[in-house]
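Student: Listed here are the chains, written in short residue letters.
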Amino acid sequence: MYAEHFSEPATSHVASAPIEHQFYPYASNGGTILAIAGADYALLAGDTRHITGYSINTRFRPSIHTLENLGGPERAIVVAANGFSADGDALVRRLAQRAEWYTYNHNKPLSVSACARLVQTMLYGKRTFPYYVHTIVAGLDESGRGEVYSFDPVGSYEREQCRAGGSAASLLMPFLDNQVNKKNQYDAATGLPQVATDLPLEETLKLVKDAFSSVTERHIHVGDYLEIKIVTKEGVKVEYFPLKRD
Amino acid sequence: MDHMPENWGRPRNDVYGEYQSAIHNAGQGPQSRTQTPSITGTSVIAMKFDNGVMLAADNLGSYGSLARFTDQERLIKVGNETVVGISGDASDQQYIELLLERLLIEDNYPQDGHHLRAPHIYEYLSRVMYNRRSKIDPLWNAILVAGKNDDGSPFLGYVDLLGVTYSSPSIATGYGAYLAIPLMRKIVSEEADAKNVSEEQARKVIDECMKVLFYRDARSLDKYTVATVTLDGEVKMDKNVRCQNMNWRFAEGIRGYGTQKQ
Amino acid sequence: MTSIGTGYDLSNSVFSPDGRNFQVEYASKAVEADGTAIGIRCADGVVFAVEKIVSSKLLVPGANKKIQTIDRHVGVAYSGLTPDGRHLVDRGRSESYSWRGTYKVPISVPTLADRLSGYVQAYTCYSSVRPFGVSVIVGGVDDSGPHLYTIEPSGAFWGYMGAATGKGRQAAKSELEKLDLPNISARDAVKAAAKIIYVAHDDSKDKDFELEISWVSTSETGGLHQFVPKELLEEAERLAKADDDDEDDDDEMDED
Numbered sequence: 001m002y003a004e005h006f007s008e009p010a011t012s013h014v015a016s017a018p019i020e021h022q023f024y025p026y027a028s029n030g031g032t033i034l035a036i037a038g039a040d041y042a043l044l045a046g047d048t049r050h051i052t053g054y055s056i057n058t059r060f061r062p063s064i065h066t067l068e069n070l071g072g073p074e075r076a077i078v079v080a081a082n083g084f085s086a087d088g089d090a091l092v093r094r095l096a097q098r099a100e101w102y103t104y105n106h107n108k109p110l111s112v113s114a115c116a117r118l119v120q121t122m123l124y125g126k127r128t129f130p131y132y133v134h135t136i137v138a139g140l141d142e143s144g145r146g147e148v149y150s151f152d153p154v155g156s157y158e159r160e161q162c163r164a165g166g167s168a169a170s171l172l173m174p175f176l177d178n179q180v181n182k183k184n185q186y187d188a189a190t191g192l193p194q195v196a197t198d199l200p201l202e203e204t205l206k207l208v209k210d211a212f213s214s215v216t217e218r219h220i221h222v223g224d225y226l227e228i229k230i231v232t233k234e235g236v237k238v239e240y241f242p243l244k245r246d
Numbered sequence: 001m002d003h004m005p006e007n008w009g010r011p012r013n014d015v016y017g018e019y020q021s022a023i024h025n026a027g028q029g030p031q032s033r034t035q036t037p038s039i040t041g042t043s044v045i046a047m048k049f050d051n052g053v054m055l056a057a058d059n060l061g062s063y064g065s066l067a068r069f070t071d072q073e074r075l076i077k078v079g080n081e082t083v084v085g086i087s088g089d090a091s092d093q094q095y096i097e098l099l100l101e102r103l104l105i106e107d108n109y110p111q112d113g114h115h116l117r118a119p120h121i122y123e124y125l126s127r128v129m130y131n132r133r134s135k136i137d138p139l140w141n142a143i144l145v146a147g148k149n150d151d152g153s154p155f156l157g158y159v160d161l162l163g164v165t166y167s168s169p170s171i172a173t174g175y176g177a178y179l180a181i182p183l184m185r186k187i188v189s190e191e192a193d194a195k196n197v198s199e200e201q202a203r204k205v206i207d208e209c210m211k212v213l214f215y216r217d218a219r220s221l222d223k224y225t226v227a228t229v230t231l232d233g234e235v236k237m238d239k240n241v242r243c244q245n246m247n248w249r250f251a252e253g254i255r256g257y258g259t260q261k262q
Numbered sequence: 001m002t003s004i005g006t007g008y009d010l011s012n013s014v015f016s017p018d019g020r021n022f023q024v025e026y027a028s029k030a031v032e033a034d035g036t037a038i039g040i041r042c043a044d045g046v047v048f049a050v051e052k053i054v055s056s057k058l059l060v061p062g063a064n065k066k067i068q069t070i071d072r073h074v075g076v077a078y079s080g081l082t083p084d085g086r087h088l089v090d091r092g093r094s095e096s097y098s099w100r101g102t103y104k105v106p107i108s109v110p111t112l113a114d115r116l117s118g119y120v121q122a123y124t125c126y127s128s129v130r131p132f133g134v135s136v137i138v139g140g141v142d143d144s145g146p147h148l149y150t151i152e153p154s155g156a157f158w159g160y161m162g163a164a165t166g167k168g169r170q171a172a173k174s175e176l177e178k179l180d181l182p183n184i185s186a187r188d189a190v191k192a193a194a195k196i197i198y199v200a201h202d203d204s205k206d207k208d209f210e211l212e213i214s215w216v217s218t219s220e221t222g223g224l225h226q227f228v229p230k231e232l233l234e235e236a237e238r239l240a241k242a243d244d245d246d247e248d249d250d251d252e253m254d255e256d
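Protein chains in written order, with the UniProt record's numbering: chain H, 1 to 246; chain U, 1 to 262; chain X, 1 to 256.
Derived from the structure by calculation, the hints contain no laboratory data.
Taking lysine to aspartate or glutamate and the EDC-like style, the derived pairs with C-alpha atoms no more than 16 Å apart in a straight line are:
hint	chain 1	residue 1	chain 2	residue 2
1	X	104	U	101
2	X	29	X	9
3	U	236	U	199
4	X	241	X	202
5	U	239	U	207
6	H	182	H	160
7	U	223	U	238
8	X	230	X	210
9	X	65	X	210
10	U	186	H	246
11	X	241	X	203
12	U	204	U	50
13	H	233	H	74
14	X	104	U	97
15	X	230	U	112
16	X	65	U	112
17	H	233	H	68
18	H	244	U	190
Pulled from the structure, derived: some chain X residues nowhere near chain U, Cβ distances all over 12 Å:
hint	residue
19	33
20	82
21	128
22	159
23	170
24	188
25	202
26	204
27	219
28	235
29	241
30	244
31	245
Computed from a predicted model, the values in this text were never measured in an experiment. Beta carbons are placed, not taken as given, at the ideal position from N, Cα and C, and that holds for glycine.
Could you put together the complete structure from these sequences and hints?
Tutor: Encoded structure:
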């Protein structure tokens with residue numbers, strides 16, 4: 001019953017040697033996240049399914065967290081840490097705390113870029129016992145432009161136009177490369193490679209919903225509901241969109 | 001004359017060699033942790049209904065495949081309106097009970113009429129479980145917490161030895177996740193479904209689940225406890241419930257092991 | 001205090017030639033300066049009551065309680081320096097906490113009183129510390145029934161059927177002796193306790209006071225230490241006041 005928490009050596013050289021059981025402190029809880037930055041918005045989306053193995057633990061576990069910030073609603077930061085959900089929760093919880101302290105200590109909003117560096121410090125601080133998560137932070141910069149930062153489990157990070165993380169990242173990412181960054185798209189008239197431009201929010205929303213609907217078909221860890229948080233200068237808007245439940 | 005009493009009555013050094021005081025001075029040895037559970041309890045199942053939450057857990061404490069204890073209580077009343085259901089290691093369960101007991105006693109010190117509700121107890125247990133797994137010294141359990149939110153709505157949450165948490169209108173630990181959840185989700189799949197399910201309907205499903213678990217889970221017992229948290233504030237503990245209307249006739253036809261000759 | 005100024009009172013843990021520890025005696029003075037606290041051992045429990053002197057009208061009513069809970073089944077009331085009482089309660093809580101961790105069962109009241117008194121006594125033995133400026137009434141119900149103890153600044157602890165400390169202890173003690181102890185019911189003991197606090201209260205010295213009453217009783221609280229319900233407190237206080245006024249009237253008539 002608790003076998004999934006053990007790791008055993010694949011083969012034993014001596015038949016009579018004791019079997020070594022060791023507690024494995026990680027699990028994979030499925031789900032996928034996706035962020036896209038635009039000229040005047042940033043968007044972070046994720047499905048709400050939570051799994052262990054082949055079991056759906058719950059169909060509705062929203063995972064996109066909003067960090068309230070000084071400087072009005074447009075300075076809010078959205079963050080998601082997908083992978084081992086206990087680590088993701090712990091990271092987001094600590095980050096929320098640190099972001100709050102930042103505003104108390106400095107009396108100014110925490111910028112998305114500063115938040116990103118803070119996330120790096122926190123992830124790398126557990127380099128020897130990592131948070132098993134793929135983290136994405138999104139929000140607007142001082143000029144109101146969308147920003148997306150993505151991280152590996154130990155804190156390596158980069159600012160990007162778009163990024164997918166989690167179970168179905170490998171299905172989503174090539175699609176985003178093609179549709180958002182216009183990779184492998186050529187102008188019909190000139191034959192030159194197309195240049196990536198900012199997508200309007202409406203188009204991005206359609207893209208995100210289609211992306212998740214499609215990925216739900218192909219990946220068993222994704223489904224149930226899609227949660228989308230959109231940061232604009234009006235603040236953070238949340239949308240829910242039903243996905244297939246099978 | 002050797003005046004050191006600790007040297008008296010010892011084998012002679014010149015014959016047997018120096019006394020290996022390192023043995024005597026050795027500490028407790030390497031620190032040991034729960035690397036594997038010993039006495040275990042199997043599934044805990046729970047579902048919401050229109051007026052609260054219902055949980056069940058059988059009374060078996062297994063020692064490996066041996067049905068070692070048959071009177072284990074695994075549904076713990078915490079305060080007046082919360083029930084905690086614990087599966088997994090029994091000694092870790094008892095430790096968790098001690099933690100909760102102390103939590104409640106400390107909560108009572110101010111005598112200000114404040115009482116910890118299910119979400120608070122759930123949050124506390126989640127922190128304990130995650131912190132212990134982060135020390136690689138886990139409490140080998142999967143826990144359900146059932147009770148009421150501050151606004152009076154039903155609460156049900158799960159936390160396990162890894163610190164993984166989630167909430168759902170019907171949850172089960174262990175084999176219950178495979179055998180009981182499909183049955184419970186037939187009537188309570190979404191949060192909104194719970195409002196259309198009466199206590200009687202919920203009880204029927206819970207009893208059915210416990211029967212199915214007894215049929216199929218080899219580490220289960222046909223004697224169990226059903227706890228009902230109602231929104232009116234009452235916690236009912238129905239103990240020593242027995243699986244009803246079982247049919248084991250099919251077992252007669254099973255050949256290949258057991259005592260039959262043919 | 002004939003020996004004041006002879007120099008034997010300047011350090012804790014130093015005996016005077018006639019065998020007294022003056023620091024301990026001075027600690028008792030701090031107790032005598034504070035409001036009365038009483039404890040009653042009744043048929044199936046213990047009742048505590050204190051006269052909490054209200055030193056300023058700006059104080060929040062009901063704050064700074066002088067009756068506290070040590071464990072589910074144990075309460076304390078004290079007279080003297082409130083912070084010293086608070087500290088001793090903390091000690092009692094950690095004793096009770098560790099006992100429960102070791103033995104699973106709640107600590108027995110005599111054991112708790114014994115351990116607390118040992119702690120208090122230790123503060124009479126070192127020049128680096130001063131004794132506790134409180135007399136603590138410890139009581140509760142355990143497997144062997146109700147218990148009531150008083151721990152003095154010296155570390156001495158005595159078991160009582162009725163205990164009193166603080167300013168009005170003499171009056172309170174003579175009132176306690178009139179009760180049918182330990183056969184009195186918890187409910188009657190609450191009313192008696194309120195009356196005793198009112199009798200022990202000296203109107204000419206302290207104008208305002210707050211009455212705190214708590215109980216631990218098998219029948220009334222299921223063995224838990226709790227403040228008495230508001231209605232019961234109000235009833236007990238009303239009866240106590242009526243009684244007190246009658247006596248005042250009698251006094252006046254005598255004067256006539």
